[in-house]
Every structure is written in structure tokens, then in C-alpha cells.
Amino acid sequence: MNCENESLIEIKDLKIGFKTPEKILHAVKGISLEVRKREIVGIVGESGCGKTVTALSIMRLLPDNTIVTGNINFSGINLLSLKEDETREIRGRDISMVFQDSLSSLNPLMKVGRQIDENLMIHTSLDNRDRLSEVLDIMDKVGLPDPEQTYEKYPHELSGGMRQRIAISIAIVCNPDLIIADEPTTALDVTVQAQILELLRKINRESNSSIVFISHNLGVIREVCSKVYVMYAGHIVERAPAETLFTNPGHPYTMGLIKALPKLESKGKELFDIRGRVPSIADLTQGCPFEPRCDYSFERCKKEFPDLKKIDSDHEVRCFLAGGIL
Amino acid sequence: MFVYLKKLFAMFLTVLLVLLITFVTFEIIPGNPALSRLGVDAQESQYEALAAELGLNDPLEIRLSRWLKGLFTGDLGISMRYSVPVSELILDRLPVTISLAVMALVLIVLIGIPLGIVSAKYGERLPGILITLISQIGMAIPSFWSGIILIYIFGIVLRWVSPGGFVPWSQDAYGAFKSLILPAVAIALPSIASIIRYTRNSIMDQMKNDYVQLALSKGLNLNSVLLRHVLKNALIPIITVLGMIAANILGGSIVIEQVFTLPGVGRLLINAITTRDLPLVQGMVLYIAFIIVVINFFIDIIYTVIDPRIRLVQRG
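In the order they appear, the protein sequences are chains A and B.
With the first letter of the first sequence counted as 1, position 176 gets the number 176 in my numbering; the numbers rise by one all the way through.
With the first letter of the second sequence counted as 1, position 18 gets the number 344 in my numbering; the numbers rise by one all the way through.
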């Protein structure tokens, strides 16, 4: 199967800014990334680094006061140049999204079955009976017990894990090429988290959907993704295969994230955290945005902004020291 | 079921309390029904006779228990002013008030809610701001003024409707409609304005929720998201306000009935108070308290129909 290497979505030099009365705040400052067919790609970073905004820009769901430039090439079309009704064709059918908190992302006053059904209503010409059996099928596939009964439930009557399964059903019912999962397990218990991750992997295996997995949790990312982009302050600071990222991280920020993961052998010791805080998107620095928090920073970091440097065939790092002493 | 029984009992207590307060208030305020009926020139003996006839000389607790006893047998007493049963007087006026209320509410719902949705859809853009501005003006205009303007335009200049008075429905349904449409519009206007604002604010609040993003991410267009997802979620505060408006109108639109010379409960209430006609006032208060309690009860039921989560809270 050589389609594995075919590109599904390619983002080039994406910039996202929010217009405010005084100035434009840049949330994403020129990122490029690629997702291939059947791939699970992770985007990791702290809150406010621009990962969710990036996801919403792919869906064209950002509010009116945003300025988005660059190119999002999705199987041959630039999503950013589509008209409103053309994006609606793609939303939910070719690209779909799973949000973080299923309690707030599902409509509290609509039966969950109907919320799944709605996708089919928009994008297929199936009649009521066919749609119902399709919905029940999907509910069964994502591991919801008693699909017929669950169909009639309201979101608040289900557990967090079951709700997230409903959200996933909504995302996959039209068999999309790309699923964007924005922190899909963050609001869940650890055991349920593992089940949902396994479910996403299964969907990826069985239905040929690519997945963009957004998380602040490197541990979760490592479990499901083959390739990872690390974002910091609106930039991609590192790209590497998931395993490489853990065994041989190239950016001081990535190293910090890995060190900050709680480990069994360091039980009882103080947890590591990266000093300082995430810069606000209103902060403007000339040099490397991570410089104020970086243990390795030197004069040049304050003045110059480093390029993404290739240190291996599939490993890029935005740091002057990458590939050298780090 | 138990929940509803509890509610019913609370409703009963509320009404009783309101009645007691009215009774006591009438003990305190100056004025006397016998005197107001006879006029200041009446002779002492005449006054004594009438006061005795009306039972005004009995002590407070006797009069109260007499009235309450009557109440439980469905007898609201005899009006001191009109010398006819209070219930008859109120029932006589109800068709006008209820017709007015229904027509005004229909206008409020059919105009206010859609305009509120449109205004919310356009948010801070021109149509939204325009609707907000107009509704602001609508709220600022008192209904007696818009009533007079309406009479002037449609009743006097255009002569489409008669400028006042009421024709019973049973006599001439079209005539009844024509005599009530202007006052209904006058009553509805300020409420339409406030329903527009409540609808707009409630919808715009709801638009911030994640479920709106999910609905959009399915490929729904904004109109469908608004109507299929947001509207129902936004409805609770709107229903609450609608209930208050309904109670208000059913309690009698004193000013509008005066302007359009309509025989509704509002004017009856004014007459009852100025002539110190305690049985009639008590009857009116009972009616108004009853209306409010019943409307609140229905609103509670509507809540549970709209939002399944409310049902759950009540059971627990």
C-alpha cells in the first residue's frame, strides 16, 4: 500500500491573527505541517500555544475577527480559499472534529442519537430507516452498550466516557478522511482515557481516517501518534517521529516537557516544571520565544529567531544548538 | 407526582397570604365603602343603615371568616358598590381581558422571538444593531402614548377601526377583533421590544458554547444551528419573561383599557379601589394571585418539557 506516503493535508506558512481595536494579536506565526493518509499526527504544546486555533482554522471555524493567511491544502484544494457553503460540504463529511469536553460540546437538549444522525442528514441522502441503522451501527462500533436505548438518552444521562464515544461517533459517522481530535481525553479518567485512545487507534486502523491528535500531554501523544509536532508560542519548534522525540528530543522545550512527565521511578521526588510561563500572544520578542525560559540560552537567542533545522531525515528542530551540543 | 402536590400546596398558601394582606390593608387605609356610595351629604341614619346592611360594623375576624367561608363555597360575596355578585362582575369583564392578552401574546411571540433571532444572528453588524436600536425605542415609549397614536392613525384618520369601545365576540366576531386589535398592539409593543432583547441576549450567550462549534463542524449552516440547536437552549429565560408579561396583561391593562374605553378587569380594579369596595377588591386580588400562580405553574411545566435536566433536579 503505497498510499501511506500520500499527503492528505498540507499546511504551509499558516498565520492566524486576531483583530483587536488596538492591534492584531498573532496566535499562530507561520506554521507548516503535513498529515499523510492513514497517519496519526500529534500536535503538542501548552495551552495558548496556538494548537486549537490551528485546528479550528482547518475547519474554518474561527470567528470573523480573525485573519488567516497561508495555505491549507486538503487533497488538492486550498481550504482557506473556499466559500462558506463549500466549507460546509467538507465539514463533517471529509474533515470532522472531536472536542475536549463532551459535556459542553454535545447539545444538552437533544437526544444523543439524533446528534449523530444529524451528520448523516446533512451529508447523505439516506432515508430515516437507513440512517437509524447506520447510527446504531456506529454506536455499536465505538463500544456503546445498548445502542437502541442509548440513542434516546440525553448527554447528561451518560458518563464522560460514553459521551466522548458519542462525540467520536458524530465525527466518524460520515467516514471522513481526517479527524481532528482536540484534547479528546483530557477531561476523562485515566482508565477511560486509555479506552478512548484505543478506540481512536482502532478507527484509524479500520476506516483509513487520518487523525490529528492535539494534546498538552506528551504521554498520551506518545501512545497514539506516529509523528509529532511540538508547538510553542505560535511556532513549530520541533517535528519528529514520536519515538525519536522521546529518545532524542532536539529542542530544550521538548526536553522540558518530557522531564515534566510524572515517572514511576521518581516517585516521592518533586515534580519538574519548566520555569517561567507561556508568553502571552501580545508579547513580541525578536529572538527565540522560548529564550526567557531556556536553560541553554545565550546571547544570540535574544536577538535572532532560529530557523527550523533538519538534524535527521525526519527530524527538524528550531534551535541554534540543535544537532550540536544538545 | 409528589412534586406537583407540593407545588399545589405552595400555590394555595401564596394565594391565602395575599388575601390576608389585602384584608388587613383595607383596615388600615382611610375611606369607607358606605360613605363612598352615599356621598358626603348623606345623613347619619342613612349611613348607619347601609353600614349595618353591608356588615361593616362587625369585628375584623368575623368579616374575614365570613368572607373565607364564602370563598370555599365558591361565593366571593356581593359588591358593595354595584350590589351584584363579585364573581359575576369579574366574569363579565374576563372575555375582554383574556382576548386582549391572547392577541397581545400572539403578537409578542410571533414578532419578538423571530426578530430577536435575526438580531442575534447579525450580532454587532448593521441589522443586529438596527433591531436593537428600534427595540430600545419601543421599550421607551409608554403604551398609553402609542395607544393614542394608534387610535389617531387607524381610528380617526384612516377609520379602519372604531376608536374605542368593545363589541362582544358572540355578537360580531370580526367587530370584536377589530375593536381589540389596536389595544392589543399597544400592549404588545413594549413587550415585543423587551422580548427581542431577551431573545437576542440569550441566543448570543448560547452562541459561545462548544455545542455550537460542534454543530457547525458537522456542516450545518448558521440558520440551522440557530433554529435546531441554539433556540431551544436559549428558550428558558425567554419563557420566564413571557410568563411575567402574560401575568401582567391578564391582571388587567389599566391604562390601555382606559385609553380604548374597554370593559376589562383593569378598569374594574380601579373602580373597586376608589370606591373602597372591599369584596370586589378581594375578588380581584384573588383573581390576579390565581393568574400569577397558575402561570408560574405552567411555566415550571414548560421548563421540564424543554430541558430534561430540570426534571432530574426536581426528582432528586
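None of these hints come from the bench; they were simulated from the model.
Treat the hints with caution; some may be incorrect.
[Unchecked claim] Below 20 angstroms or equal to it, Euclidean Cα-Cα: the simulated EDC-like pairs (lysine to aspartate or glutamate) are:
#1 B:Lys534 to A:Glu198
#2 A:Lys111 to B:Asp633
#3 A:Lys19 to B:Asp633
#4 A:Lys153 to B:Asp633
Because the structure is a prediction, the values reported are computed rather than measured.
Hint by hint, here is what the structure shows:
{"no.": "1", "hint": "B:Lys534 to A:Glu198", "verdict": "violated (31 angstroms)"}
{"no.": "2", "hint": "A:Lys111 to B:Asp633", "verdict": "holds (11 angstroms)"}
{"no.": "3", "hint": "A:Lys19 to B:Asp633", "verdict": "violated (37 angstroms)"}
{"no.": "4", "hint": "A:Lys153 to B:Asp633", "verdict": "holds (13 angstroms)"}
Checked against the numbered hints above, the structure breaks hints 1 and 3 and satisfies the rest.
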